[in-house]
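**Student:** Sequence:
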Amino acid sequence: MHLNDNPSNSGNRETATPPIECQHLWKIFGEVTPDQLKEIQSGTLSKAQVQERFGCVVGVADASFQVYPSEIFCVMGLSGSGKSTLIRHINRLIEPTAGRLSVYGKDILELDPQQLRDLRSSKIGMVFQNMALMPHRSVVGNVAFGLELRKMDKRRRVERAREVLQMVDLADWGDAYPEELSGGMQQRVGLARALASDPDILLMDEPFSALDPLIRRQLQDYFLDLSKITKKTTVFITHDLDEAIRLGSRIAIMKDGALIQIGAPDQIITQPADAYVADFVSGISRLKLIYAHSIYQRPEEVSSELEYQIDDLPSADADANLDQLVDLLVEHNKPIKVVEDGRTIGVITRRRLLQSIQGKETKES
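Numbers given in the working numbering equal positions in the sequence shown, counted from 1, plus 9.
Accuracy of the hints is not assured; some may be wrong.
[What the hints assert, rightly or not] Below, in silico cross-link-like pairs of lysine to aspartate or glutamate (EDC-like), each with a Cα-Cα straight-line distance of 20 angstroms or less:
{"#": "1", "residue 1": "Lys264", "residue 2": "Glu215"}
{"#": "2", "residue 1": "Lys132", "residue 2": "Glu157"}
{"#": "3", "residue 1": "Lys369", "residue 2": "Asp332"}
{"#": "4", "residue 1": "Lys240", "residue 2": "Asp209"}
{"#": "5", "residue 1": "Lys369", "residue 2": "Glu314"}
{"#": "6", "residue 1": "Lys132", "residue 2": "Glu30"}
Don't read these hints as lab results, they were simulated from the structure.
Kindly produce the complete structure, drawing on both the sequences and the hints.
**Tutor:** As structure tokens, then:
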């Protein structure tokens, strides 16, 4: 497993208790003896070999990660990779075979049934691909259902339901019924239902995958805007790399139950951990995903290529993407100096920019 997460991009996140921390989590579907589990955990057997030898299926294999406050942590992989199994451990809809999973520093495997219900109703909200809205209840009734289970009085829960419907731009639809809503609107009702209890954490399991492409993209934009306002810590499951890159602060790629790589979108694109990840990202346009801070070279590395003084070069912010850098190069026809906090940190030559568009840059860390 290659987890090239870069803590320097995370501010002081590493100094705080992470909302979610998973340590060496395993889920084996089927009965295994302690000796068999030990052999599986040794890593000498593939998923197919485990199934052939022991008649068991590896759902999650030795998963370790942290989710930082307010970030959107995308877990992606092909069907059967284990991503939905993984997310269901976070609120213990699935019990792990081994490992530890903490929410705000508390091992949730130690929670008794009542504590677990409290966690699910107040700290963690979940949004599924299938909203399973109750057809006999109005939109307000669906959104308020979780609050009803918590014994909140009717007036307060209806007020809260209407507040979150306002947040998801469905204020005028509170008295309608699910059958009167489009698929995208129903998905927003599901999101409102998850937000109604004001959870600290959102778990989203492929919530937009069943929608038409245009509606899906609109909801992605909508969710990003909403995330900036609510600042919820989110684990977002998807099988769509484009979606993961659009939404994710960081991306975790899974295969056969294992986390292959974790990193920011540009890290995943420029530094794939292995041939599997490289193949996964090979069809992605790099123009809006790769940034100047990922590809610049130190001035002394390219001094022999420069025909101009660095002070005379056009400047770009370290967060400028390839598309913006191309525009700058076309306008000035010169190499570009990269500036961060008012200080020149590097240079991007014409050759370097073209190599980066092709995916052939080799920036040293």
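**Student:** Are any of the numbered hints broken by this structure? If so, which, sorted upward?
**Tutor:** Those not satisfied: there are none.
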